[in-house]
Structure formats: C-alpha cells, structure tokens
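Since chain X is already given, all that's left is putting chains L, S and H on it; use the hints.
Protein chains: 4
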Amino acid sequence: MKEIIDALIKFRNERDWEQFHNPKDLAVALNVEAGELLELFLWKEAEEADKEKVKEELADVFSFAFLLAEKYGLDVKEIVLDKIEKNGLKYTVEKSKGTAKKYTEL
Amino acid sequence: MKEIIDALIKFRNERDWEQFHNPKDLAVALNVEAGELLELFLWKEAEEADKEKVKEELADVFSFAFLLAEKYGLDVKEIVLDKIEKNGLKYTVEKSKGTAKKYTEL
Amino acid sequence: MKEIIDALIKFRNERDWEQFHNPKDLAVALNVEAGELLELFLWKEAEEADKEKVKEELADVFSFAFLLAEKYGLDVKEIVLDKIEKNGLKYTVEKSKGTAKKYTEL
Amino acid sequence: MKEIIDALIKFRNERDWEQFHNPKDLAVALNVEAGELLELFLWKEAEEADKEKVKEELADVFSFAFLLAEKYGLDVKEIVLDKIEKNGLKYTVEKSKGTAKKYTEL
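Residue numbers (UniProt numbering), protein chains in the order written: chain X, 1 to 106; chain L, 1 to 106; chain S, 1 to 106; chain H, 1 to 106.
In isolation and in its complexed conformation, chain X is listed as follows (with noise of 0.2 angstroms):
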C-alpha cells in the first residue's frame, strides 16, 4: 500500500494540488467518486455493470480514501482490522448469522 499511496502524492505534489487537499474536500471528493461508481448500478440489476468502468470508479474511490488515510497519518491495515474486531461485538455470529438487520435491531 506504501507503493500506491506514494504514487499519488507523487501525482498530486507535481501539480502542486496539496493546496486544495484539506480533509474535508477529500471526503467530499470521496463520496462524488462513490456517487459516480454507484451510477454504474442504476436502474440495473447487480450484474449489468460495465466492470471496465467498475474499475475506474472504484480506483478513483481508492485513491481518495489513501490520501485521507495519508493525511490523517492512518494506517490502513490497522484502522479496517480494529473496525473488524469491533463490529464482531456488535454483530456476533449468534445474533447476525444469516441476516441482514442493523445492529440497533438485532
């Protein structure tokens, strides 16, 4: 990850874009890339999106959230696994087994 995150601060820094990188225009840049990605989806069953443009979208999506990361000085590994450990107590495979329900109703 080291390796991609490098390359899109290589990316940025040469056109000098760290400027207009504040966390809040990455989030909102974040959830514009997941807006694109989900048009993919529209109208469509699950199946009918074009992966060619799946994997575009979803690199865009990628790459904003490694630069959040980056700027927060997360590290990515260690932030989705201690969400693992932590939604395993509020969905334990006794109550979430087989179902979909939010935790607050299961």
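Treat the hints with care, since some could be wrong.
Same chains, same label: a pair holds when it works inside one copy or across any pair of copies.
Here are the simulated SDA-like pairs of lysine to any residue, each with C-alpha atoms no more than 20 angstroms apart in a straight line [to be verified]:
id	residue 1	residue 2
1	K77	D6
2	K55	I5
3	K97	I84
4	K97	L42
5	K53	R12
6	K90	K102
7	K71	E105
8	K86	K102
9	K44	D75
To be clear, the hints were calculated from the coordinates, so they are not data collected in a lab.
Below, chains L, S and H alone, put in the same frame as chain X:
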C-alpha cells in the same frame, strides 16, 4: 492488502453474509459509509472533524471498497496505478499545475 | 407541487420508464444526483460554485425526491412540516441556538 | 412551497443557524441525508424499506434541497420544469422509450 481482504471475507463468511453482498448493494453500502464519513465534516472547518470517528468511518469505506474489488477479482494496486497513469493524460502537469479545474475546463 | 409531480409522471410514462422506477433505484438516483450537485463545490469556496449548474443539478435532485414521494403516496408539505416539528424537540432553541452540534452532543 | 420554505427559514433563524448554512455545507448536508435515505434500502429488495423511516429521511432531503433553492433565489417549480424540457431533448421519446440507457449511450 491480502491480509485485509482475507479478514473481511472471514468476517462475512462466519455470518453467512455473502448472500447479501452482490456488487450493487456493496456499492450502495460504500455510498452510505462515505456519507457517514462526510457527516463528520458537516458545518465545520476541515480541521475540526473528530479524528477518532474519521478513523472508524474511513475503515468502513475501505472495507466495502475492498469487498467490491474482491467481488470483481480486481487487484487494488494495479487499478489505482492504472488510473493514475490515465489521469496523467487528462491532467498533464503543464495544464493542471496549481489549478483545481476539472479536465473538461482546462 | 402537484404540477411538478404531474410533469415528472408524464415524462416518465411517455418513455415507459415506470418499470425502472422502483423505490430503491429512485433512492440510488437521488444519491447519484446529490453527488453531482456536490461536485460543483469540490475544491472550492462555497461562493465559487457555478449557479447555472447548481440550478440543473438541484432540479435533478428535486425530480427524484418528488418521484419517491409520489411512489410512497407522501405529501411533501406534510412530511417536511412534521419533520420540522420533530426536529424542534431534538433541537430545542434553548440548547441549539448558535451551535451546529448534533443533537446527540448537545 | 412558500409555506415549507418559510417554516424552514423560521426554524433556522430561531436557532441562529444561518451562519452555518453556506451553499457548500447545505450540499454536504443534502448528501448526508440522501445517504441516510439510501441506507433504508441496503441489503433489501425495493419493497422492504420501512415506509415510516423513508418519510423522515426524505423530509430531510427535501429540507436541505429547499434551503439550497432559497439560498440561490431559485424557484423550484421553474427549475424542475426547465430541466424536464431540457431532458426531453436528450431523451427523446423515440430513442429512449422502454430503455434505461444513459443518453450518452442511446
């Protein structure tokens, strides 16, 4: 990243949640989480968001992004580096240095 | 508002699009359009967005919001006034005056 | 609609919230609420969402959409009818009848 994806898949399979994880709902989930992340910046200056909460919401965003990548058999490093290359053609250093304009307006 | 909804329904029916307009896809469409509206503010100060484009994207947001309301047989005036009343209990003037804090933190 | 907007403005002014309601944060708020509405459909068939909750989240979406319209001095009926007319040119009945394709692919 393999380790992260393996942990996410294990969590999902223990709960028998693969049945819900079609790509369209994963894209919906990603948008929901991106919205929760964005809420942390609402009515605030960029610096005022709660870092602990950002950590958790960003972890959720990454989780669904990784699950989508896995669903399509995509290699995250490859798709991000490919996209950076592609973006380099739309946003050449010459035209885009120091400006946040969209490529359609450069 | 009846006039707006009638025009939207006429447009939809002339194109035989009711078959695609289930509530879930309408909610997806609303998010996609909200993302396009948000993009107009990306990397910018609040005043810098292009008003002509805001007008168009906001119109799209309203269109899908009205179509969703119609789908559920909801009266827009009634649901907004009800929600204002409800919010008045969560955000009493006393506690929330001059602060942007969420009610859970007041 | 004047009545709705007046009620929203009154609610806002009583709490001295106009200071937070710049167009960018209103667009952010609209996205956050659109995400909460979307969550009601997550992992579900279109018919399974809770109508009472849809009502509330849709009311929130409308509230921020109306506040944005008001901020820009836009007439909601006018902008939606204008957009319908514009969309009629992109999506002619002839080309778009019975298909959910985007105009760029028609």
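Check each numbered hint from earlier against the structure, then list the numbers of those it violates in ascending order. Going through the list in order, the structure violates hints 5, 7 and 9 and respects the others.
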